[in-house]
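Peer 1: These are the residues of each chain, in order.
Number of protein chains: 2
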Amino acid sequence: MSFKVNQDYLKLPGSYLFSTTGRKIREYAQAHPDQKVIKLSIGDVTQPLAPAIIDALHGAVDEMAAAETFKGYAPDLGYEFLRNAIADNDYKARGCDIAADEIFVSDGAKCDSANIQEIFSKDNKIAVCDPVYPVYVDTNVMAGRTGVYDKIGETWSDVIYMPCTKETGFAPEIPTQTPDIIYLCFPNNPTGATITKDALQEWVDYANKVGAVIIYDAAYEAYISEDNVPHTIYECEGARTCAIELRSFSKNAGFTGVRLGFTVIPKDLKDGDVMLHSLWARRHGTKYNGAPYIIQKAGEAVYSEAGKAQLKEQVAYYMKNASYIYDGLKSAGYSVSGGVNAPYIWLETPKGMGSWEFFDYLLENAQVAGTPGAGFGPSGEGYFRLTAFGSYENTVEAIERIKRM
Amino acid sequence: MSFKVNQDYLKLPGSYLFSTTGRKIREYAQAHPDQKVIKLSIGDVTQPLAPAIIDALHGAVDEMAAAETFKGYAPDLGYEFLRNAIADNDYKARGCDIAADEIFVSDGAKCDSANIQEIFSKDNKIAVCDPVYPVYVDTNVMAGRTGVYDKIGETWSDVIYMPCTKETGFAPEIPTQTPDIIYLCFPNNPTGATITKDALQEWVDYANKVGAVIIYDAAYEAYISEDNVPHTIYECEGARTCAIELRSFSKNAGFTGVRLGFTVIPKDLKDGDVMLHSLWARRHGTKYNGAPYIIQKAGEAVYSEAGKAQLKEQVAYYMKNASYIYDGLKSAGYSVSGGVNAPYIWLETPKGMGSWEFFDYLLENAQVAGTPGAGFGPSGEGYFRLTAFGSYENTVEAIERIKRM
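Same order as they appear, the protein sequences are chains A and B.
Start counting the first sequence at 8; every next residue gets the next number (my numbering).
Start counting the second sequence at 8; every next residue gets the next number (my numbering).
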């Protein structure tokens, strides 16, 4: 006898998407030290933290410097000051019935979206949009929930794919096979598409009818600019019995390097007598030790009057980039979508080029890095993602370079 | 069809130990608002962060306030400045051959000790000390690796228990059944016992012989005061082919509410051709998004000259408490161990009282909270843990109250 590794990990093809694009960008930059690569690839923010957040961080650091105000282990599920601010601002203010104790504070939506599958049975079947944020699928692969990989189709035998292409208006359709767990992300990463409240209500009704859970990733909620686009799934009737919502501070407040997010699990969401809320609480209590106090205080500042005003400007800054990319590419003859309620622009690669082929082409000829659509799933082939998270100056330069290409 | 929960979660008996003791303490305090409860229970620090760390935090916050120095997503495995500081100070300075790229920075040893089991096959058999930090066992239960629970013996059918009692000198003995994964923690939580370098070398030799992995939790390394007690398992020959080491900043630098730790996986540790290092890297890349930049800068300050000097004093402060508890209880007629190379004092409950019975007795009669030994495993029954992490004043008062009891 001898220890053995988790064979499910070995089923994962290649490496994590952004590790691969990151490596390719680094290699290009090393080989061409004289050229400036502009990254509109990973969804990483570039603007500094807002002054209200900086003040909160300094204040919290000072609290940690004195025995009277020092904070040790945080409460398992997050500090009440933050959970209350979230419940009041993100839910009650929108008329949604979510209590503070249904909110679990974490170190970010990536971790939550990766870990949430753990509380479900291994034989549950997942449905995902295609293209999709790779973490949803990869973590189910690592848990042994996805069956056999088809190398040619780049699909898993036990995953239900819901194509989101130009033909479907970049929206998923109710699948013919019934899933147990449905991952939805709106505003969408990677396509930048969104969903109307009526359309989301159909998903909620469907999930309640078939007994499925919707894992609703609303990380890009702050970028919604149009009416009748829901900011949370709990705007839909019946969502309390079928939906988990994931939220992030990364994109609305620039916390990609600060790390804070939360997950909402209503207590009405049950398998028989068992509340998913209890299982997630148990997971938090056993496998997690809370987000840093300093960081939770920064999260609280996001909801202060000053914080809200400053972050509205920050989001507007990025959305100005989004418009610039959208308009620039359109005027250059590209077929583009997204960018209106989301910081992502989704474009069709020109002349039938493959996604990765276009990635290399753009890097070599314009020194602009994006993300190949195929990296998000088979239906992403022939598409390409650009993000609005660069500086305005870099964004303008990148688009000029693409136009000249 | 309908979604189903992970049935393995439902096998967990009761709630997480520290949730239970926390609830009991809160309930007592609420019922007796006039009485001051002194908590020597959870291993949570009370001293403020050292000045060098506070300075580093403020400095990093300022960097986040300007676009030129703002930091977004951290490198998957941690910033190089921190990984280099760890490699140099914790390993190279002790003559241990560990490279910076074998170090994975995380948000704490609890998460790492909980998640590490994921990279192993489900049918691997674990061996744990008894008593033991509950996270090791509970996370294996949640992964379905532990078989059937025996309610009377409070043991799992597929777990190998290594009793650490007065009879064994609070040390584990090589088990008769061969494990695949061996969890060891020295200086030990909860008993405060430690291991000599020679004894640890025997475990390393054994693991290499039978093809087992040792998961070595060295979270309390900073409290070692005696010679011939290894600070890291990599002081032992052959550890690179059999040992993973978990480390924390919680206890040496007071980071329980700051959240920072790391895991070492040498590249020589393999199952056939598969490096455990690669699997853990994949897990980090897919399920985690790095510790906050601000916090990693605080971690770096732990290794500065000023930081080292200040933290040496902080550890000495807690160890003075440990001595006070140890000596006080001994003079009061208790049978005690630990407290010399560890911040934990392990005592035999008097008059054959059960651990939980003594917990209630101490809370009611001395308003002192500790942790019942039985909460750490069946061989912990009849024992009780007190921690040295209180303030000196509270520690003195707690011991006076126990003496008067």
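Treat the hints as calculated values from the structure; they're not laboratory data.
A few of these clues could be false.
When chains are identical, the list treats them as one kind, so a pair holds in a single copy or across two.
Taking lysine-lysine pairs in the BS3-like style, the calculated list, with each CA pair at most 27 Å apart, reads [stated by the list, open to error]: (1) K204 with K129; (2) K99 with K274; (3) K337 with K43; (4) K327 with K158; (5) K43 with K277; (6) K274 with K18; (7) K129 with K11; (8) K410 with K173; (9) K319 with K129; (10) K18 with K337; (11) K277 with K11.
Peer 1: Hint by hint, note whether the structure agrees.
Peer 2: Going down the list of hints, with the structure as the test:
1. K204 with K129: neither (31 Å within a copy, 42 Å between copies)
2. K99 with K274: within (16 Å within a copy, 51 Å between copies)
3. K337 with K43: within (24 Å within a copy, 69 Å between copies)
4. K327 with K158: neither (40 Å within a copy, 62 Å between copies)
5. K43 with K277: neither (52 Å within a copy, 40 Å between copies)
6. K274 with K18: For K274 and K18, the Cα distance is within 27 Å only across copies (21 Å; inside one copy 35 Å).
7. K129 with K11: both (20 Å within a copy, 9 Å between copies)
8. K410 with K173: Cα proximity of K410 and K173: one copy only (23 Å, versus 77 Å across).
9. K319 with K129: Neither. Shortest intra-copy (41 Å) and inter-copy (47 Å) distances fail the 27 Å Cα cut-off.
10. K18 with K337: neither (40 Å within a copy, 57 Å between copies)
11. K277 with K11: between (35 Å within a copy, 9 Å between copies)
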